[in-house]
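Enquirer: Sequence:
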Amino acid sequence: TIPNARAQNRFDGSLEEILHMVTDVGWAGAYPEVFARLPGTEISNALDKARGGRFEEVPKQYPDGAWFTYDDETCDYDCQNSEYIYWVLTSILEGQDFSGRYEQIKDEWRLNTREKLEQGDPAAYALFTDPKYRLPTVLPDGKYRAKKFRIQKYP
1191 TIPNARAQNR
1201 FDGSLEEILH
1211 MVTDVGWAGA
1221 YPEVFARLPG
1231 TEISNALDKA
1241 RGGRFEEVPK
1251 QYPDGAWFTY
1261 DDETCDYDCQ
1271 NSEYIYWVLT
1281 SILEGQDFSG
1291 RYEQIKDEWR
1301 LNTREKLEQG
1311 DPAAYALFTD
1321 PKYRLPTVLP
1331 DGKYRAKKFR
1341 IQKYP
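Add 1190 to the 1-based position in the sequence shown for the working numbering, that's all there is to it.
Calculated from the structure, these hints are not laboratory results.
Just to be clear, a hint being listed does not mean it is correct.
Below, simulated DSSO-like cross-link-like pairs (lysine-lysine); rule was C-alpha separation at most 27 angstroms, straight line [stated by the list, open to error]: (1) K1333 <-> K1322; (2) K1322 <-> K1306; (3) K1322 <-> K1239; (4) K1239 <-> K1306.
So the derived label-pair ranges between C-beta atoms look like this [to be verified]: (5) T1327 <-> G1203: 18 to 26 angstroms; (6) Y1334 <-> E1206: 16 to 24 angstroms; (7) I1208 <-> N1235: 24 to 32 angstroms.
Glycine included, every Cβ here is placed at the ideal spot set by N, Cα and C.
All chains, full assembly: derive it from the sequences and hints.
Expert: Here it is as structure tokens:
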């Protein structure tokens, strides 16, 4: 990891890989009708809109107006879902909003700030900010304080 990466205008790639594990297994398992990476779930419906349509295979060119345009041909529909979840969450948490970042990612993802996402992809924004799912509200930064608790003997 890269401690304090955002303050250095750098992106920590380990965050992406860890989030894929959490979202692909944890969230999809806890809320399959919402976060499973299958056609017809809430996240897949939002993905299809973000890509300008439902594509089983990566299109040669995405439709005009698409804001998620990942073009890795080895990334199938399931993979595209996983990448989209990562972009949405980290944009809401302001992990993609630092100097020079938009230029680095614009060919793949155009809604790199919370504000852009709220305006440009309201379905995903509403889903990821819905408190019933208890999703993260702060980007991991490596600065944590342990919660104090007291251990008592069992009677």
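Enquirer: All the hints need checking, so say for each whether the structure fits it.
Expert: To see whether the hints hold, each was checked on the structure:
{"no.": "1", "hint": "K1333 <-> K1322", "verdict": "holds, 26 angstroms"}
{"no.": "2", "hint": "K1322 <-> K1306", "verdict": "holds, 23 angstroms"}
{"no.": "3", "hint": "K1322 <-> K1239", "verdict": "holds, 23 angstroms"}
{"no.": "4", "hint": "K1239 <-> K1306", "verdict": "holds, 15 angstroms"}
{"no.": "5", "hint": "T1327 <-> G1203: 18 to 26 angstroms", "verdict": "holds, 22 angstroms"}
{"no.": "6", "hint": "Y1334 <-> E1206: 16 to 24 angstroms", "verdict": "holds, 20 angstroms"}
{"no.": "7", "hint": "I1208 <-> N1235: 24 to 32 angstroms", "verdict": "holds, 26 angstroms"}
Of the numbered hints listed earlier, not one is contradicted by the structure.
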